[in-house]
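There are 2 protein chains.
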Amino acid sequence: MISAILLGTGNVANHLIDTFLQSKDVDLVQVYGRNSANLKLIRDKVCTTSEINQLKNADVYIIAISDDAIQEFSSQITIKNKLIVHTSGSVSMDALSFHKNRGVFYPLQTFTKNKPVNFKEIPICLETNRSENYKLLEQLAKSISNHVYNIDSNQRKYIHLAAVFTNNFVNYMYKIGNDICTENNIPFKILYPLILETAKKIKNNNPANIQTGPAVRNDTKTIEKQINLLNNQQQQIYKQLTQAIKNTYGKKL
Amino acid sequence: MISAILLGTGNVANHLIDTFLQSKDVDLVQVYGRNSANLKLIRDKVCTTSEINQLKNADVYIIAISDDAIQEFSSQITIKNKLIVHTSGSVSMDALSFHKNRGVFYPLQTFTKNKPVNFKEIPICLETNRSENYKLLEQLAKSISNHVYNIDSNQRKYIHLAAVFTNNFVNYMYKIGNDICTENNIPFKILYPLILETAKKIKNNNPANIQTGPAVRNDTKTIEKQINLLNNQQQQIYKQLTQAIKNTYGKKL
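As they're listed, the protein sequences go chains A and L.
Residues 19 to 271 in this note's numbering are what the first sequence lists, from first letter to last.
Residues 19 to 271 in this note's numbering are what the second sequence lists, from first letter to last.
It is worth saying that the hints were derived from the structure and are not from the lab.
Some hints could be false.
The list treats identical chains as one, so a pair stands whether inside a single copy or across any two.
To be verified - Subject to a maximum C-alpha distance of 30 Å in a straight line, what follows is the list of computed BS3-like cross-link-like pairs (lysine-lysine):
| # | residue 1 | residue 2 |
| --- | --- | --- |
| 1 | 100 | 207 |
| 2 | 218 | 160 |
| 3 | 207 | 118 |
| 4 | 239 | 131 |
| 5 | 257 | 42 |
| 6 | 58 | 153 |
| 7 | 175 | 264 |
| 8 | 63 | 153 |
| 9 | 74 | 239 |
| 10 | 63 | 98 |
| 11 | 118 | 243 |
| 12 | 74 | 175 |
| 13 | 63 | 243 |
| 14 | 42 | 239 |
| 15 | 219 | 133 |
| 16 | 42 | 207 |
| 17 | 63 | 133 |
| 18 | 98 | 175 |
| 19 | 42 | 118 |
| 20 | 74 | 221 |
| 21 | 133 | 264 |
| 22 | 153 | 100 |
| 23 | 218 | 133 |
| 24 | 207 | 160 |
| 25 | 98 | 264 |
| 26 | 218 | 257 |
| 27 | 257 | 74 |
| 28 | 218 | 207 |
| 29 | 175 | 243 |
| 30 | 118 | 98 |
Turn these sequences into a full structure, and let the hints guide you.
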C-alpha cells in the first residue's frame with residue numbers, strides 16, 4: 019500500500035482522485051484545494067483541506083494544478099524530505115527544485131470533465147531526481163496504469179510537442195472539416211467513422227506508410243479544384259500541408 | 019433481392035465484394051477485372067470475367083476503379099438502360115454521362131487491404147440523375163449499411179475536401195508526431211491512447227469547443243520553446259496552425 023496526497027481540484031486532479039479511490043493499492047490520504055466549491059464536491063469521498071500548512075503525512079505529494087502555477091505553489095509546501103511530483107507534460111522537473119525529492123507523474127491523455135476514463139490504458143511518464151525515489155513513484159503509477167514509462171524532462175518536452183501535433187492540431191483539422199460540412203448542409207457525423215478509422219489505423223501501421231490523398235498522389239487537378247473551394251485561411255493551410263506532403267513523398271513518386 | 023455487378027478488383031472493390039457476398043439481400047452476379055492476378059483470388063467466391071463485352075444482366079453496375087480511369091472506362095460499357103454508378107468521392111456523377119441511368123455509390127471510409135470492415139457502420143453517399151433510380155440504389159446501400167445519405171455531386175465535393183483535412187492531413191500530423199518521437203527515442207505508441215481519445219471526443223463534442231493547447235491559451239512562452247525544437251518544415255506548419263488557431267479563438271480570449 020502506498021499513500022498519496024493530491025494537491026489540486028481541476029480536471030486532471032479529479033480523474034486521479036477517482037482512480038486512486040478505486041485502487042486497492044493506493045491510500046489517498048487527503049486532497050488539498052483552494053477552490054472551496056470544488057472541494058465541497060469531493061469531501062464526501064476523501065479528507066480535504068484548503069490550508070497548505072495542514073497537509074498530512076504521505077509517501078507521495080502530487081501537484082495537479084495549472085502549469086504556470088506549479089513552481090510558485092510548490093515553494094509554499096513546507097513538507098520536507100517527502101517525494102513531491104507534478105503532473106505536467108510541459109513543465110520541467112526542476113520547477114520543483116525547492117524540494118530535495120522531486121519528480122514528475124505525467125498521465126499522457128486528454129481528459130474531459132465528468133467523463134470517466136480507464137486509467138489502466140493511459141500511459142504515465144515518470145521521472146525522479148533520485149533513483150531511490152523512482153521505485154516508489156513506479157509503484158504508485160503501476161497501481162493505476164498498465165503503461166508506465168521512464169521519461170526524462172528532455173524526452174517529455176518532445177512528447178508534449180508531438181502531442182501538440184497529434185492532439186491540438188488534429189482537433190483543429192476536425193474543426194475545419196466541421197466548418198466545411200456545416201457550410202454545405204452536410205451532417206459532420208458523416209465523417210465520424212472515417213476519423214475514427216484513421217486514428218485506429220496507426221496502431222498497426224507507421225503513419226508514414228499509409229499516407230493517402232491528392233497530395234501524395236501529386237494529383238494536381240484535384241488539388242487546384244479543392245483550393246478554389248476554401249476560404250483564405252483554409253487555403254493557406256491546405257497549400258502548406260499539401261506542399262509538405264509532396265516534399266516528404268516527392269522522391270518516392 | 020437486388021442484383022449487382024462489380025467492375026474493379028482493387029481495395030474498395032474487394033471490400034464491397036466480401037460485403038455483398040455476406041448480404042442475404044444482394045445477389046452479386048459477376049465481377050469484372052482486367053488484373054488477372056486479382057481476379058484469380060476471387061473466382062472461387064464469385065463469377066468473374068475480364069471481357070467487358072461479356073457482362074451479365076443485373077440491376078446495378080458498380081464501377082470501383084481509380085478516379086482518373088472512370089470516365090473513359092465507363093464509355094466502354096455497352097450495357098444499355100441499366101443503372102451504372104461509380105464509388106468515387108471526388109468524381110462527378112456526370113463522368114458517367116455516356117449512360118442514361120447513372121449515379122454515385124460512395125462509401126465514406128478509408129479501407130485497408132485485407133482488413134475486414136463492418137460496412138453497417140460506414141456511411142454511403144448516394145446520388146442518381148433520375149429520381150426513379152434513387153430507390154433502387156438506396157435499396158442496395160441499405161442492404162449493407164445503416165448510414166445511407168442522399169448527397170449531390172456538389173456536396174460530395176465538399177465531403178471529399180473535409181476528408182482531406184480530417185483523414186489525409188490528420189495522418190500527416192500523426193507522421194510528424196511519429197518523427198518527433200523516433201528522433202528522441204520515445205516509442206510512438208505512447209501517444210496512441212491520446213490520439214484515439216482525441217478522435218472519440220468529437221463524437222459528442224463540436225471540435226470548435228474543445229480546442230486545447232498552447233495556441234488557444236496564447237501561451238507565447240511554450241510556443242517559442244516548441245518552435246525551437248522543430249526542423250524547418252515542421253516549424254512552418256507549427257507556426258501556421260498556431261496562427262490559425264489564434265485567429266479563430268483570439269476574440270474569445
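The hints, checked one at a time:
Neither within a single protomer nor between protomers do residue 100 and residue 207 lie at most 30 Å apart by alpha-carbon distance, with minima of 49 Å and 32 Å respectively. For the identical chains of this complex, residue 218 and residue 160 are neighbours both inside a copy (25 Å) and across copies (25 Å), given an alpha-carbon limit of 30 Å. Neither within a single protomer nor between protomers do residue 207 and residue 118 lie at most 30 Å apart by alpha-carbon distance, with minima of 51 Å and 33 Å respectively. Taking identical chains as interchangeable, the C-alpha atoms of residue 239 and residue 131 lie at most 30 Å apart only when they sit on different chains, with a minimum of 26 Å there against 44 Å within one chain.
Taking CA atoms no more than 30 Å apart as the test, residue 257 paired with residue 42 passes in neither setting, with 53 Å inside one copy and 46 Å between copies. Taking identical chains as interchangeable, the C-alpha atoms of residue 58 and residue 153 are never at most 30 Å apart, the minima being 34 Å within one chain and 58 Å between chains. In this assembly of identical chains, residue 175 and residue 264 lie within 30 Å of each other by CA distance both inside one copy and across copies; the values are 28 Å within and 22 Å between. For a Cα distance limit of 30 Å, the shortest separation of residue 63 from residue 153 inside one copy, 28 Å, qualifies, whereas the shortest one across copies, 58 Å, does not.
In this assembly of identical chains, the alpha carbons of residue 74 and residue 239 never lie at most 30 Å apart, being 68 Å within a copy and 35 Å across copies at closest. Taking the shortest alpha-carbon separations for residue 63 and residue 98, only the intra-copy value of 27 Å comes in at or below 30 Å, while the best inter-copy value is 73 Å. For the identical chains of this complex, residue 118 and residue 243 are inter-copy neighbours only, at 27 Å across copies versus 61 Å inside a copy, given an alpha-carbon limit of 30 Å. Proximity of residue 74 and residue 175 under a CA criterion of 30 Å is satisfied in neither setting, with 32 Å inside one chain copy and 62 Å between copies.
Taking identical chains as interchangeable, the C-alpha atoms of residue 63 and residue 243 are never at most 30 Å apart, the minima being 58 Å within one chain and 40 Å between chains. In this homomeric assembly, residue 42 and residue 239 never come within 30 Å of each other (Cα to Cα): the closest approach is 61 Å inside a single copy and 40 Å across copies. With identical chains, the CA atoms of residue 219 and residue 133 are at most 30 Å apart both within one copy (25 Å) and between copies (10 Å). Proximity of residue 42 to residue 207 under the C-alpha cut-off of 30 Å is restricted to the inter-copy arrangement: shortest distance 28 Å between copies versus 40 Å within a copy.
Taking the closest pair of Cα atoms, residue 63 and residue 133 come within 30 Å of each other only inside a single copy of the chain (18 Å); across copies the shortest separation is 46 Å, beyond that limit. Within a single copy, residue 98 and residue 175 get their C-alpha atoms as close as 28 Å, which meets the 30 Å cut-off; across copies the closest is 64 Å, which misses it. When the C-alpha separation of residue 42 and residue 118 is checked against a cutoff of 30 Å, the pair qualifies only within one copy, where the shortest distance is 29 Å, while the shortest distance between copies is 70 Å. Taking the shortest alpha-carbon separations for residue 74 and residue 221, neither the intra-copy value of 43 Å nor the inter-copy value of 42 Å comes in at or below 30 Å.
Taking identical chains as interchangeable, the C-alpha atoms of residue 133 and residue 264 lie at most 30 Å apart only when they sit on different chains, with a minimum of 27 Å there against 40 Å within one chain. Within a single copy, residue 153 and residue 100 get their C-alpha atoms as close as 14 Å, which meets the 30 Å cut-off; across copies the closest is 72 Å, which misses it. Taking CA atoms no more than 30 Å apart as the test, residue 218 paired with residue 133 passes in both settings, with 21 Å inside one copy and 12 Å between copies. For the homomeric pair residue 207 and residue 160, the shortest alpha-carbon distance between copies (18 Å) is at most 30 Å, but the shortest distance inside one copy (37 Å) is not.
Taking CA atoms no more than 30 Å apart as the test, residue 98 paired with residue 264 passes in neither setting, with 56 Å inside one copy and 42 Å between copies. For a Cα distance limit of 30 Å, the shortest separation of residue 218 from residue 257 qualifies both inside one copy, at 26 Å, and across copies, at 27 Å. Proximity of residue 257 and residue 74 under a CA criterion of 30 Å is satisfied in neither setting, with 57 Å inside one chain copy and 45 Å between copies. When the C-alpha separation of residue 218 and residue 207 is checked against a cutoff of 30 Å, the pair qualifies both within a copy, at 17 Å, and between copies, at 12 Å.
In the homo-oligomer, the alpha carbons of residue 175 and residue 243 lie at most 30 Å apart only across protomers (9 Å), although the nearest pairing inside one protomer, at 39 Å, exceeds that limit. For a Cα distance limit of 30 Å, the shortest separation of residue 118 from residue 98 inside one copy, 8 Å, qualifies, whereas the shortest one across copies, 84 Å, does not.
Checked against the numbered hints given earlier, this structure breaks hints 1, 3, 5, 6, 9, 12, 13, 14, 20, 25, 27; the rest are met.
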